[in-house]
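The residues making up each chain are set out below.
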Amino acid sequence: MSLYFFNLRHGPGADGLAVDTEGDELAGPAEARARALAAAHDLIARTRLHSVRDWFTCAFEVTDAAGRPVMTVPFSDTVTEDDEGSGLA
Amino acid sequence: MPLTQQSKLCNRLLRVLAPEDFAQLQPYLEPVSLQLREVVIAPDAPVEELFFIETGMVSISTAHDERRIEVGLVGREGLVGAVPVALDGVTTPHVYFAQLSGEALSIGREAFCAAIRENPVLRRLLLRYVHVQIVQITQTAYAHASMSLEGRLARWLLMCHDRTDGDELVLTHEFLSMMLGVQRAGVTLAIQNLEGAGRIRAKRRRIEILDRDRLLALTNGSYGTPEAEYARLIEGA
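Residue numbers (my numbering), protein chains in the order written: chain A, 85 to 173; chain B, 1012 to 1248.
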């Protein structure tokens, strides 16, 4: 298990990053990506924030316990994965 | 065991009682400690004990999912178990658990019910408190349905601030995420927004309340209504 931090990029610069200080213990990068997509999906579907006009411009910048970047998961990836093969435009 | 002295209590319901009314409950009050996350009333089990909160807070949350979403909050202003007992529900579908550890005075359901049957003053206080609790839960529904996460977080912080001493609340984003029923990243972002506007100061696992008035301005009336009803009906303001 490794610790992953899901920092939320919602705008440019330091003010545009909501830094995750708590993190989640997960088995590996695939699980981290799945967690990021699930969180993004839930935020898009159910959460309204003053400061976010469009969730689809946001991304999770995932880092490891040492603060090194592991991956970036754009919120728009939720659409691609959800709609694959669904036949919806 | 020595009897609990009314003048030394923090619980606002017990403090507001006339000495002779308090005396009717006094022999049955037992001091208990509430541990963090301890379930004080379990869903669908008969409510055998009620708890006058002295310090700490108890959350009333939905329980049909592993994800609990808070609908009500009880601290030193309140009596945990008042609604199911006063309204003869016997059990409740909700879970009541300590959200902040603390102390309480417990009273057995039978002794409590006997006292409110005999004493119209106690009965009236209980029913008024039940009204306030229902108003609080109604306002939670309003907040969930109509407000941004910043507004809901502001409401929640004000409610916690009312029920603790000092301006600093110790809590994790993970915990807030559970209470508000949103992703942790959403909580982190909402905290960042409140902090950027100087309403709070966030440190690791801590939130300091800096400006209550400006938090209040975000709550669109979802905070303050049950508090005003409490003042009007219970403390006679």
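Honestly, I wouldn't trust all of these hints.
Here are some of the chain B residues that sit facing chain A, going by a computed Cβ distance under 7 Å [unchecked claim]:
hint, residue
1, Ser1159
2, Leu1160
3, Glu1185
4, Thr1199
5, Leu1200
6, Gln1203
7, Asn1204
8, Arg1215
9, Glu1219
From chain A, some residues computed to sit far from chain B (all C-beta separations above 10 Å) [as the list claims (entries may be wrong)]:
hint, residue
10, Ser86
11, Thr105
12, Asp138
13, Asp148
The hints are simulated quantities; they were obtained by calculation from the structure and are not laboratory data. Keep in mind it's a predicted model, so treat the numbers as computed, not measured. The beta-carbon is built from N, C-alpha and C at its ideal position, and this holds for glycine as well.
Could you tell me which of the hints above the structure violates, numbers in ascending order? Hint check: 9, 11 fail, others pass.
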